[in-house]
Structures are given as C-alpha cells and as structure tokens.
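**Q** Each chain, written out:
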Amino acid sequence: MTEPIDAAEPIPVKEAVGAFVPPDMPDEEKMTTEIQDDRKHERFLVRAALIAAVGVAMVILVRLWG
Amino acid sequence: MTGILTWLCVAFVIIGAIPVAAGLYQYLLVPLHATRNHYPKAAPYLPRVAVVVPAWNEGAVVGASIDRLVRLEYPPDRLRIYVVDDASTDDTPDVVLERAARYPGRVFHLRREKGGEGKAHTLNHGLSVLLAADWVQAVLIMDADVIYRPDSLRKMTRHLADPEVGAVTAFIREGGVDPKYMTRFIGYEYVASQAAARRAQNVLGVLACLAGGAQLHSRENLEAIGGRIDTTTLAEDTVSTILTQLNGRRVVFEPYAVVLAEEPESIGALWKQRLRWGRGNVQVSRRFATLWFRPWKHRRLGGFSFGIIWFSVLLLPIAMLLSSIGLIGLFFLGSDLAAAVFREVWFLALCTYLFITITTVQIDPETGRRSWREAIAFPGIISLLVMLMAFAPDLILRKLPALFGLELTTFGADSITLALYAWLTLCMPAAWLAKRVESTAFGKVLAPALIYLVGYGPLLCAITFDSYIKEFRGAAQVWDKTEKLGKVMA
Chain P
-5 MTEPIDAAEP IPVKEAVGAF VPPDMPDEEK MTTEIQDDRK HERFLVRAAL IAAVGVAMVI
55 LVRLWG
Chain H
6 MTGILTWLCV AFVIIGAIPV AAGLYQYLLV PLHATRNHYP KAAPYLPRVA VVVPAWNEGA
66 VVGASIDRLV RLEYPPDRLR IYVVDDASTD DTPDVVLERA ARYPGRVFHL RREKGGEGKA
126 HTLNHGLSVL LAADWVQAVL IMDADVIYRP DSLRKMTRHL ADPEVGAVTA FIREGGVDPK
186 YMTRFIGYEY VASQAAARRA QNVLGVLACL AGGAQLHSRE NLEAIGGRID TTTLAEDTVS
246 TILTQLNGRR VVFEPYAVVL AEEPESIGAL WKQRLRWGRG NVQVSRRFAT LWFRPWKHRR
306 LGGFSFGIIW FSVLLLPIAM LLSSIGLIGL FFLGSDLAAA VFREVWFLAL CTYLFITITT
366 VQIDPETGRR SWREAIAFPG IISLLVMLMA FAPDLILRKL PALFGLELTT FGADSITLAL
426 YAWLTLCMPA AWLAKRVEST AFGKVLAPAL IYLVGYGPLL CAITFDSYIK EFRGAAQVWD
486 KTEKLGKVMA
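Note that the protein sequences, when read in sequence, are chains P and H.
In terms of the numbering used here, the first sequence is residues -5 to 60.
In terms of the numbering used here, the second sequence is residues 6 to 495.
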C-alpha cells in the first residue's frame, strides 16, 4: 500500500525550487527495521484479497440461489 | 458438419476467455506476495549511483526534477545526476547548467548535438560516458518529468544487496495536480498494472517490464547486457528487462519506492503513447520468439504462467474478436450452447472484474478514492450492463421491460442478444470513435462520455489493435514524446 503523498498541498513542479538542504539519512538500523516493516506490511494483501473474495462469493451465492 | 462448427465456435469462445482467466490468475497471485517476496534478501545498501536523465526540450520540468533528486535520502557523495540533453532547442541546457553550478560535482550536463533519435540513443550517449569511469556502481534510468519520493532510491538499492538481482523498478504513480478523467483512468490502471500485477510477477520470479521512468541497474548487469540500451525496438525498457533475466539475474519490483509521473490528459495523447508501447511489445514478442512457452530453455521467462500473462495482454483484441465470432456463430447455428456459453464467460468476467476492482482500490486507497468512478467504469458501462445481463438475463430481458408494460418480441430479443455477443468486438471501434470525436467541437463533452460508456479497457485494446496494423504495414517508427506541463504533486 502506498501512503498519500502530500496530496493536501500539491506544488507545481515549475515552482518547486529552493535552497539546497542536505538530506536526512536514516542510519543502518533504521533502514533494516524499514525493510522488516515493509515486509510485514505486505500482509495487507491477504486481507485485501479476502475482502475481494467475499464480494465474489456473494455474487456467486446470489446466482446459485436466484 | 454442424457439430464440428459448433465445437469450433465453442473453442473460439473459450480461447476468448483465456485473458479473463489469466487476469484472475495474476490477481490470485498478488496476496502470495505477503510471503513470497524479495525482502528476506534485501539489506541496507547504498552503492554509488549515477542517475541518467534523458532530456529533450524538458526545460519546464527538468530543473525541479534535479532539485528533488539532490534532496533524495541518499548520501550526497554517492549520488551523481547526469542530464543527457538530446539537442534540446528550448531552455533545457540553461536550466541544467544553472543546476550544475548550484550543485557542483553532483549535476552534469551531457549534450548530444544530433537529437530526435529517441530515448534509447540518448541514454546510450550517457551510459557510454558513465561506464567509462569506475565510480559508478549502479545506474538509475529515469524520465525528466518524474518525481521521486525522498526514500524511493534507497528502497530500490536495498534489493541490489542481493548479487542475484540485476535490476529493480519502482511504482510509477500518476501524480497530476488536477487530474482529468483520463489521468484518473490512468492512475487506476497503474495501480492494477504495476502495484498489483508486478507484485504477482515478483511471486512468479519474472518481471515483464522495468518502468521506463524508474529502472535501477547494477553496473554488472548493465555491462552484461552489452553496456547499452536496445535501439532496434520501441520497447527498450522491456528488452533490457528480458535480457537481464536471460543473463540469469533477477528483476525486482519494489512497491514502496514511489515515483510520481504526469500522464496524458486526452485520448489522442494516450493513443500516441500507448501505440508506441503496443508496437514495442509486438516487436519484443517477435524478437524473443524462441523464448515463449519453453520452460525447459528458460525456467521462468519461458514458463507457461508468464507466457499466458504476456500474450493475454498482447493478444487481447484477437481474443475478444474470436469470442464474438464464436458466440455469433453459435447463435446462427441455432445452438442452445450460445446462451449458456455467453452466460458463463460473462459471469467469469463479472467475478474477475469484482475481484480485481475490490483488490486494486485497497492496494492504493489514495488512488482508489481519487479514481473510484474510473475503477467502476474501467470496462465501460455497456460492458457492465452485459455482465448484469449474464448474471440475471431474466431481469433485463423480461422483468425490466414488464415494469413499463413492454414485452420483447422474438426479433427484439434476438437483436439484443446479437448486439451483446458482438459488443466484445464493437467496443474497440467505439473507442476509436471516441478518439475521432475528441477533436471535434463537441469533443470535450462527447469523448469522455463515450469513454465511460465504452470503457478505458476497450480503448487500450483498440490501441493495441492499431499497433498490430502499424506493425503489419511497417509504419515508420517515430519517437513521439508525450507533452508534459510540469504539474505533478510534490
């Protein structure tokens, strides 16, 4: 799943310039945790598929019943 | 004789249903990505990355792209940006040189004096310079107008910690500031074709295509595929993807590396862009003709699963045509099978549509909220009615007219039935009509209305069909750049 990307205040690319600010780099431990978190987050796909399967099952049931 | 013809028609309908079944199969693989993914082999890894930005008259967008690239969460001493200026005639050189002065030692301007040959030639000019030096450990190929989220590059490089991985791609997300109906359709399509389908391909261990705007190659991989990008087809990204995998390296899709892109706002612009992609895919299919459905030669690329997924997209228009021919043939043969086969095929389409739509909007809820109308209308309102008809024929043919005191005659019912059978084919010329209408005085209203009625999916099929025609005729290969306005969400 992707998170909203500053959708509240979209900036046209042409205007998106400014002074250089060095990036804030996470350390190695944080990056390792991030990989584990992203890996765990992928479990949402199972939930998404189950919800979709319930939708399909309902349609099949209605057809069989009707 | 009638028996043979009947079974031939049934076979046509079944062949026509293969892409639907393949779509469902691909989506059933998506949840497996929860356990079958590349994260166990990923690790924090920050190689020296050279970003190659091909730019032809990108003055409106390239400056901000550079600004954002230097702000990526990546060690500044490990990131260099090379803008390969393809003999631009606008202010691209001035913009890039200004950024080179602002970020000394980090931004470089490479100029081609002869331009207009296409993205692959431009990239190769940059690659020849980059690979000549030892500094580069990985190369990120991108488009001048895309916007990388700050954490996207390091989320891609972590997969290169596994030496078996040759290339990584990101999720290109439609990011227009003020999305029109067409960009909302594209936004939804990208979630389905990338965030979902490429996860399924990760599960299969084989990827169909590295996104052109976000492909990270290890130096070893680029050198192994010849140190240059293919210039013989219109699908150089796909050729690089296949060559990487043929050389025994993996290609990984990273769904959490998000890259925003501005997409076409009109049918005409979409048609131009997708015709190039479609023709490229036809060329790639021919070029690797000895690859498909040969798992004994190439276990994954030549596997049946991947082959069916690949050709289900490429040959979808033909499948739709065969399905219509089969159903109409059965109707005129007076076979009772026509109605039964029609019902089952369209019911399968309904189930697939529901499963795909419900899953897709959950994979990217932000896009789901923005494009929910387009998600519903993706196959077209008419096709939704056909699905409803397959689901409850009695409701449409008898009960609904009865509400108005009407009763369908045999001729009326037959006419409706034939129209439904033919719709799988007719939707493609109808989509083409929407393109024609767009440039007329009423185009602004009529064209979107037609697309919602006919469907965005059939529009893509019509473009694919056009790509067959252009390839068959040997039409000139023109690199038509998609016009960009420089309006992408930050």
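Because the hints were derived from the structure by calculation, they are not lab data.
Backbone N, C-alpha and C define an ideal beta-carbon position, used for all residues, glycine too.
Hints may contain errors.
[As the list claims (entries may be wrong)] Below, in silico cross-link-like pairs of lysine-lysine (DSBU-like), each with a Cα-Cα straight-line distance of 35 Å or less:
#	chain 1	residue 1	chain 2	residue 2
1	H	277	H	46
2	H	302	H	449
3	P	34	H	46
4	P	24	H	46
[Unchecked claim] Distance windows between CB atoms, simulated:
#	chain 1	residue 1	chain 2	residue 2	range
5	H	46	P	48	19 to 25 Å
6	H	118	P	40	52 to 58 Å
7	H	183	P	34	43 to 49 Å
8	P	24	H	237	50 to 56 Å
9	H	225	P	48	43 to 49 Å
10	P	48	H	398	23 to 29 Å
11	H	30	P	23	36 to 42 Å
12	H	446	P	48	44 to 50 Å
13	H	137	P	49	51 to 57 Å
14	H	26	P	40	17 to 23 Å
15	H	136	P	48	49 to 55 Å
**Q** None of the hints should be skipped; say for each whether it holds.
**A** Results for each hint:
no. : hint                     : result
1   : H:277 x H:46             : violated (40 Å)
2   : H:302 x H:449            : violated (51 Å)
3   : P:34 x H:46              : holds (14 Å)
4   : P:24 x H:46              : holds (17 Å)
5   : H:46 x P:48: 19 to 25 Å  : violated (34 Å)
6   : H:118 x P:40: 52 to 58 Å : holds (55 Å)
7   : H:183 x P:34: 43 to 49 Å : violated (36 Å)
8   : P:24 x H:237: 50 to 56 Å : violated (44 Å)
9   : H:225 x P:48: 43 to 49 Å : holds (46 Å)
10  : P:48 x H:398: 23 to 29 Å : holds (25 Å)
11  : H:30 x P:23: 36 to 42 Å  : holds (40 Å)
12  : H:446 x P:48: 44 to 50 Å : holds (47 Å)
13  : H:137 x P:49: 51 to 57 Å : holds (55 Å)
14  : H:26 x P:40: 17 to 23 Å  : holds (22 Å)
15  : H:136 x P:48: 49 to 55 Å : holds (52 Å)
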